[in-house]
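So you can see what is in the structure, the chains are spelled out below.
Number of protein chains: 4
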Amino acid sequence: MKSIVEGVLKFQQDAFPGLSGLFKQLATTQNPSALFITCSDSRVVPELLTQQDPGDIFVIRNAGNIVPSYSSEPGGVTATVEYAVAVLGVTDIVVCGHSDCGAMTAISTCKCLDHLPAVAGWLRHADAAKAVNASRNHISPAARLSSMVRENVIAQLANIKTHPSVALALEQGRLSLHGWVYDIESGAIVALDGVSNTFVSLAEFPETVATQAKRSALAA
Amino acid sequence: MKSIVEGVLKFQQDAFPGLSGLFKQLATTQNPSALFITCSDSRVVPELLTQQDPGDIFVIRNAGNIVPSYSSEPGGVTATVEYAVAVLGVTDIVVCGHSDCGAMTAISTCKCLDHLPAVAGWLRHADAAKAVNASRNHISPAARLSSMVRENVIAQLANIKTHPSVALALEQGRLSLHGWVYDIESGAIVALDGVSNTFVSLAEFPETVATQAKRSALAA
Amino acid sequence: MKSIVEGVLKFQQDAFPGLSGLFKQLATTQNPSALFITCSDSRVVPELLTQQDPGDIFVIRNAGNIVPSYSSEPGGVTATVEYAVAVLGVTDIVVCGHSDCGAMTAISTCKCLDHLPAVAGWLRHADAAKAVNASRNHISPAARLSSMVRENVIAQLANIKTHPSVALALEQGRLSLHGWVYDIESGAIVALDGVSNTFVSLAEFPETVATQAKRSALAA
Amino acid sequence: MKSIVEGVLKFQQDAFPGLSGLFKQLATTQNPSALFITCSDSRVVPELLTQQDPGDIFVIRNAGNIVPSYSSEPGGVTATVEYAVAVLGVTDIVVCGHSDCGAMTAISTCKCLDHLPAVAGWLRHADAAKAVNASRNHISPAARLSSMVRENVIAQLANIKTHPSVALALEQGRLSLHGWVYDIESGAIVALDGVSNTFVSLAEFPETVATQAKRSALAA
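Residue numbers (numbering that gives the first Met the number 0), protein chains in the order written: chain A, 0 to 219; chain B, 0 to 219; chain C, 0 to 219; chain D, 0 to 219.
Please note that a few of the clues may not be correct.
Each pair may be met inside one copy or between any two copies, as identical chains are not told apart.
As the list claims (entries may be wrong) - DSSO-like, lysine-lysine: derived pairs with alpha carbons at most 27 Å apart: (1) 110 x 23; (2) 110 x 9; (3) 129 x 160; (4) 110 x 129; (5) 160 x 1; (6) 9 x 129; (7) 160 x 110.
Honestly, the hints are just simulated from the structure, not real lab data. Treat the numbers as computed from the prediction; the structure is a model and nothing was measured.
This is chain A alone, in the form it adopts within the complex (with noise of 0.2 Å):
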């Protein structure tokens, strides 16, 4: 804990004069253009690894980078997301996994989770994509869990949709969904291209896209 704190008074006194005035107009007020859903890891830094500034993304983190799908007894994650969307108005949802995830190692190695009851629990919320990733061949424990960090990335996008402030600004033409991983070792970034349904370098291709509004909300 001292080096946090230290963090913090160096943060107070070096940090802080350069980016006072950035700080003293946001002092009451956010206008995130994004909202960043990734994991609790402490390898993942989303502001980082953006290059965004305070005040630039919303973010939500926890273990997994899971979004459980609309029911009628919302968590965490949906009340963000609805506040994300429908209060601040955000235009893009990047959900971002990574290499070496714990909880996707978990579930890729049938890690048995008894005494976890918690985190068994949450992790269901990606069961969709356990089971589409189980079914497949892999060459090894490596390229299953690879595999599984991808799947879990599109599943949660399927279950991001069911979301009514989501359905709703994606027929409204003012939303587009991202599915990314992002390699802790490369620092590399693929993301999901929903036409062809593959992982595509960033880099390469970065205006990829893995829901983008519905078509007759374009047109309009």
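Position chains B, C and D against the provided structure of chain A, taking the given hints into account.
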């Protein structure tokens, strides 16, 4: 979205090279010392304000930095807390609220949330703070909001103590809880002092702790 | 009730003899090719309107032909979908709405449902459709209801895709999803065309499909 | 799917013309006298076995003809029962099990359902019947299954009495409950006699009722 994708390219070209040694070490392991729970708000960047590197802090972010109390139907926050404490073995948990919080403003001003049913449901996990705050006289709406933000941090610390993994770790003397409030405009942080039950400046009292491990455990 | 019991006796005396061979075959096995999900409404008789015999279609009926999205607390519809897809191996699922639907009328007219708490809770699974439909201009209440019925079919198809058994079967190219709306007065059926995202006459376009198996799977 | 779509065309050409007068009357209203709750099983066609016309019976169908008891988290069956009783005012509810039921076979043979988590969860609503049936000696697996099917009907009738709308209608003397078991091979139906608590032939005792309205209410 364009600036975010451009940010990724900038990260890969400019920032990653200097961090590649660290990321290589982190490729297959993480060992964060703390769980940092804060708001999805775009202006609150935990790694920036604590000056921590990738790999240092495990992060939960949702609207209102809320931790539901433990129940038979655990959701994502509970699962992520369980993972952080029981698997990663973090030694500190920080619940960090902030000034100008949209969620706390909604509660503090009794805003009608009929059009945001998921948000309304989620904020019920702050009902204890709402009741306490509503029972007091406040000299202004700003004072009411400021007090609400602080009471919410206190209420979420009460909630997190109902989690089995947290209760066990506190009992065994291997976990401390911290309650912070971050002021966006000034960069200042106040911390809950568990002895006096008041918030004090973290810069002046850097060792302030909200809840220590049990004395018996510490003595052991 | 008298007419129902008399109907049973009539069935046993008049209808059963001609079907006894079929029922003998079916005594210990069923092999339906499709799961047909429709409303509890007394006017929508799935076996009549598809002219199917006993043994041909597996049927779910509830108020509003609703399929909750997958969650960690699955109910009866989810369990029955799982059984149909994973055990019986149906190759097609039809979600069939209908004209003059009481549930959709309640949503479309913003009827107060305070006295029907279970109905109100259940209809939240149509919130995505409600949000989309409310965002549009409709030339009349009848047009609003008609559109609501169609949007509800679309939303329930989005919901069913979050079910693991369905995601897997789509991935493996052994399941197609169909979205129908049945008009009670005329007997006509329109079907959702997944390509144009519009409803077309089933009589004119009998091969219309809402969601095909994945391209990759089909190619395999 | 081809035969189903062909069936629709056949319905529209052959069957609909003779029913067009009835369907015209039904276009904007329904007035069913009974709620019929039965299994999704493809061999159990309620309108066929009771020889009822469109408009006559309101139907719930799910795996195992299950009615969860009332809870604070009502699902689709509860909502549909509420709608049938409180809005449509049906005077009779039939819970109809059947021979060779896959759901009851799974319970009766203690089948492992680990690969069908939603089914396993759903069948817990038959735990009372399972416990009663397991406490008895049965002369054969067939006898155990047959008994399980009957006990399940009894348990679901107990469950439905916990619903507020049903409890109120029984209290006011405007609703009767019926428990049936349908034999696929023979077409025979046995009905639960609430006085002797045994199942008797519906053909011989056509006025058999499982639960009558309360005496006081009937006298009123």
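Ascending list of hint numbers which this structure does not respect: 2 and 6
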